Amino acid sequence: MINDVSISYLIFLMPLLVFAVNGLFLGRKSHKAAAIFAVAGNGIAMCAALIVAVHYFSSTFAPQKAVLFDFPFLNFAEHFAANIGLLIDPLSVMMLVVVTVISFLVNIYSIGYMRGDRSAGRFFSILSLFSFSMLGLVAATNLFQMFIFWELVGVSSYLLIGFWYHKPSAVSASKQAFILTRFADSFFLLGIVIVSYVVQSFDFFALNGLTLSAFKEQTIDLGLTVVSKADALILGSILIFTGGWGKSAMFPMHIWLPNAMEGPTPVSSIIHSATMVVAGVYLVARLFPFFAVCGDSLTLIMWVGAFTMVFAAVIACTQKDIKRILAYSTLSQLGYMMFALGACKIGDAVITTGWTASTFHIFTHAFFKCALFLIAGSLIHQVHTNDLDAMGGLRKKMPLTYWSSLICVLAIAGIPPFSGFFSKDEIILAAFQGHHYVVFGLAILTSGLTTFYMFRLFFLAFHGTPRCKSVAEGHVHEDFFMTLPIVILAVPALLSGILGKGLFEQYFVPGRLRVPQLVMLPHAEWIPYVAVAVAAIALLIAWFFYASPKAKIERALDATNRSSIYKVIYHKFYFDEMYYAVVRQFVIGGIARVARFIQDYIIEGILAFCVWFIHKLGDLVRYAQGGNLSFYLGTLIVGVILWRFLGQLPL
Amino acid sequence: MIQNLLAGLIPQNIAFPLGGMDLAFYAVAFIILVTAVCTVAVKNILQSAVFLIFSFVATAILYLLLHAEFTALAQVMVYVGGVVIFVVFTILLTSRLGEDAFSVKIPRIFAAFALSIIFVLVMVKCLLPIEGLSSGAVAAPEGYASLKAFAFRLLGYGEDGFVIPFEVVSILLLMTLICAITIARKGKEDEE
Amino acid sequence: MTLMNCLILAFLLFGIGVWGLMRRRHLIGMLISIELMLNAANINFISFAYFSAKDSTAGALFSIFVIAVTACEMAIALAIIVSMYRRYKSLDVEQLRDLHD
Chain Z
1 MINDVSISYL IFLMPLLVFA VNGLFLGRKS HKAAAIFAVA GNGIAMCAAL IVAVHYFSST
61 FAPQKAVLFD FPFLNFAEHF AANIGLLIDP LSVMMLVVVT VISFLVNIYS IGYMRGDRSA
121 GRFFSILSLF SFSMLGLVAA TNLFQMFIFW ELVGVSSYLL IGFWYHKPSA VSASKQAFIL
181 TRFADSFFLL GIVIVSYVVQ SFDFFALNGL TLSAFKEQTI DLGLTVVSKA DALILGSILI
241 FTGGWGKSAM FPMHIWLPNA MEGPTPVSSI IHSATMVVAG VYLVARLFPF FAVCGDSLTL
301 IMWVGAFTMV FAAVIACTQK DIKRILAYST LSQLGYMMFA LGACKIGDAV ITTGWTASTF
361 HIFTHAFFKC ALFLIAGSLI HQVHTNDLDA MGGLRKKMPL TYWSSLICVL AIAGIPPFSG
421 FFSKDEIILA AFQGHHYVVF GLAILTSGLT TFYMFRLFFL AFHGTPRCKS VAEGHVHEDF
481 FMTLPIVILA VPALLSGILG KGLFEQYFVP GRLRVPQLVM LPHAEWIPYV AVAVAAIALL
541 IAWFFYASPK AKIERALDAT NRSSIYKVIY HKFYFDEMYY AVVRQFVIGG IARVARFIQD
601 YIIEGILAFC VWFIHKLGDL VRYAQGGNLS FYLGTLIVGV ILWRFLGQLP L
Chain D
1 MIQNLLAGLI PQNIAFPLGG MDLAFYAVAF IILVTAVCTV AVKNILQSAV FLIFSFVATA
61 ILYLLLHAEF TALAQVMVYV GGVVIFVVFT ILLTSRLGED AFSVKIPRIF AAFALSIIFV
121 LVMVKCLLPI EGLSSGAVAA PEGYASLKAF AFRLLGYGED GFVIPFEVVS ILLLMTLICA
181 ITIARKGKED EE
Chain Y
1 MTLMNCLILA FLLFGIGVWG LMRRRHLIGM LISIELMLNA ANINFISFAY FSAKDSTAGA
61 LFSIFVIAVT ACEMAIALAI IVSMYRRYKS LDVEQLRDLH D
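Residue numbers (my numbering), protein chains in the order written: chain Z, 1 to 651; chain D, 1 to 192; chain Y, 1 to 101.
No lab work stands behind these hints, which were simulated from the structure alone. The structure presented is a predicted model; accordingly, all values stated were derived computationally and were not measured. Honestly, I wouldn't trust all of these hints.
[Stated by the list, open to error] 27 Å max Cα-Cα, derived DSSO-like pairs, lysine-lysine: (1) D/K125 <-> Y/K54; (2) D/K186 <-> Y/K89; (3) Z/K167 <-> Z/K320; (4) Z/K175 <-> Z/K320; (5) Z/K396 <-> Z/K501; (6) Z/K320 <-> Z/K469; (7) Z/K167 <-> Z/K29; (8) Z/K567 <-> Z/K320; (9) Y/K54 <-> D/K148; (10) Z/K320 <-> Z/K216; (11) Z/K320 <-> Z/K397; (12) D/K43 <-> Y/K54.
[To be verified] Selected chain Y positions facing chain D (Cβ under 10 Å, derived; list incomplete): (13) M4; (14) I8; (15) W19; (16) A40; (17) I46; (18) T57; (19) A68; (20) A79; (21) I81; (22) Y85.
Virtual Cβ for every residue (Gly too), placed ideally from N, Cα, C.
Next comes chain Z alone, as it looks inside the complex (with noise of 0.2 Å):
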């Protein structure tokens, strides 16, 4: 009986399905086959995820929460089992719809891009491993689930990052992102132990419905101190925070992600700017109630929130490689989302402006995005380098191309009446609302410094004079498979605001909250202008600098001789560098020196001791065979002493 119901089964078990075909038999066969496998299998899963929101949003079912099903998978104790389950609420249709959507229009980009790899096949198959395990994250009942689903992305990530495996660079970069968003994710794990002892149970609907007062008195007793459950519950809270802080690359752990962009395009394209990423703020925006209700969480992530938010964008001004300005500018949108989950926390009492302001900017910003990545795998196409320094006057040359580049540009840069004006509006909204002044000042510059370095990297690589031979000469082409998903992506990119708003802000609530919510907001008219006004400022600066007739662009690419405060944001303020000496002296000179002592000398010298023992042995038996009269003797006598000790000797 095909329902609702079946059909949501459907959008989990096309991308699993195409990665078993594609990585078992289709991958090696033929190129062409897994794709067309893949860009079948995940458009079903497209279309069946858009029929089931349709389905959703238009009934009124929503916004309830319907459990498609919940099965224990592991029994720890009695009544407190690890189940796998489906849950549909609006947040989990509004990521499976972004998720299915990006994977699909990818999957057709890839075409083109991964044409002539020689691993395509294999491509094709990890990337639809990738789409299934974050089609499982959203859509997970407990915590439990989630955290598999979050190894599992993690998995896809390392092994779509070091894609091509024979580039020592790539190879780095999978490392640091695997290793360093595991370091997160084991906290993270440390969170889940602790809540769920104290809970006694990984559920959300039970984690999102209790009360701190109900634990203030209870105590859990470790032996050295006594801990009252309230407090290990909000230590578990903001240690659940800390797999969202790694795997959606908040400062500190955010170097992983620019040096992510080793991968192909379409992989920074789905999973570093769309969806795995996001899937920190997802996290939280899940557990947004009992994150409300322990203590002073929000207020932490807001602050990391937003300090991501400014750092990132500053960096990003000054970067020449194409990939990396994306990639900070990911990092900026992804701080915008998540202070405006913890800016709802005003005192003791919540708003919830914050939660859907939030919701929404991950809807818009998948998708405008996702474009401007897989533009930017064209622009790289082209001239077969990532730098900026190469491009140049692609504007004639790519029209098709160009158009929807400026129209997601002015997206994140937030001009109406395009998506991103909306969502992040909201934002700025909430900031305001929550009285964080100093944040919401913060997200206002960011705001144009966002615009700042979008229209710096739209007017170098499409105006002015190429910079390339190649481009000058004219062999340029815009490939129909990479193109098309692009046309198809601005149309959200423009549109995804006006039609989203009524939407969200009808539906999109974080649920039941246990702790006072304020109702009465200040209204304030002025904000979007102020912000319009910011972006609009920023886009003249922009424009001066990098396409008016008289800028000078030899001058403004040169990273040389420039002030150090210059040089100081370009090298990213060398977090690379204090990272890899950190490790370096640390981690290998330190730990691993020790690490590879006890290997080398107590492992290795247990058992060469056992090789040595066994081998005196022998030859110890072999000396019974020896011939030799007097041990003989010798062993008669002890045979008799043995004799008295052990058997029925009648001395």
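Please build the complex by placing chains D and Y on the supplied structure of chain Z, with the hints as guidance.
Showing chains D and Y alone in chain Z's frame:
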């Protein structure tokens, strides 16, 4: 606690009577042990054989103390006058005089000593719990090992006669004679 | 002169014999140690016969048998030793390893 330990170490069951016979016994026992140790400890085997003679003679005196005259006689005649002489002959036959004694490795010395000490201790410890060994009561009738008593028992046909073992031993002696001659004969291939 | 004393003497003598057996490298030396051990066994027999036997004569008689058998054994052992000396020109037990494969 130390008293208990010492009391445990010093056996309760051993008596050391100091009558006249007992002094003689201690003296003979001392000689036996000293000569035995010398037998084993000297490097030169010829000296070792000589000390063995002394040890056997002392043992014969011990037998006399125990009123076993015939046994003492047999001991001196057979052991001293037969076996040890035979050993001396063999030593002289098979070694060059002035040859160095073999040296023994230190771990072997230590292991041998330890093993024998352990063995003796184990045996003695088994002995101690047995009652009635320290009484000094003599259960043997007078002349139990005299020639007459021996003759009657050794050649007696009755139930407690030992004539069959006597005959068997004589066959054994015959076999020994034949075997020894056969083994030690210079065969044609050994002629140099 | 209790039975216990005699027995302890016998055991000590036996122990000395064992020590000699282990320690010596010369075949004849080992044979001499065996002699001591047999001697100790004999002392054992006689002391039991004297102190606490129901049939003392049989005990003493048995020790005579032991002496006889010892003599036989020594005869054959020495014959073997002479033969081995002829073959290997050495009486060092460490060098006579024909039992070894």
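Status of the hints after comparison with the structure:
1. D/K125 <-> Y/K54: With Cα atoms ~25 Å apart, D/K125 and Y/K54 stay inside 27 Å; holds.
2. D/K186 <-> Y/K89: holds, 14 Å
3. Z/K167 <-> Z/K320: This hinted pair holds, its Cα atoms lying about 21 Å apart.
4. Z/K175 <-> Z/K320: Holds, at roughly 24 Å.
5. Z/K396 <-> Z/K501: violated, 35 Å
6. Z/K320 <-> Z/K469: Status holds; Cα separation ~19 Å.
7. Z/K167 <-> Z/K29: holds, 25 Å
8. Z/K567 <-> Z/K320: Given that 27 Å is the threshold and the Cα spacing comes to 13 Å, the pair holds.
9. Y/K54 <-> D/K148: With a Cα-Cα distance of about 18 Å, the restraint between Y/K54 and D/K148 holds, given a limit of 27 Å.
10. Z/K320 <-> Z/K216: violated, 53 Å
11. Z/K320 <-> Z/K397: holds, 22 Å
12. D/K43 <-> Y/K54: Violated, at roughly 44 Å.
13. M4: OK, holds: Y/M4 within 10 Å of chain D, min 4 Å.
14. I8: holds, 6 Å
15. W19: Holds, about 4 Å.
16. A40: Because about 9 Å separates Y/A40 from the closest Cβ in chain D, which is inside the 10 Å limit, the hint holds.
17. I46: holds, 5 Å
18. T57: Constraint on Y/T57 satisfied, holds at 5 Å.
19. A68: holds, 5 Å
20. A79: holds, 4 Å
21. I81: holds, 6 Å
22. Y85: holds, 4 Å
In summary, the numbered hints that this structure violates are 5, 10, 12.
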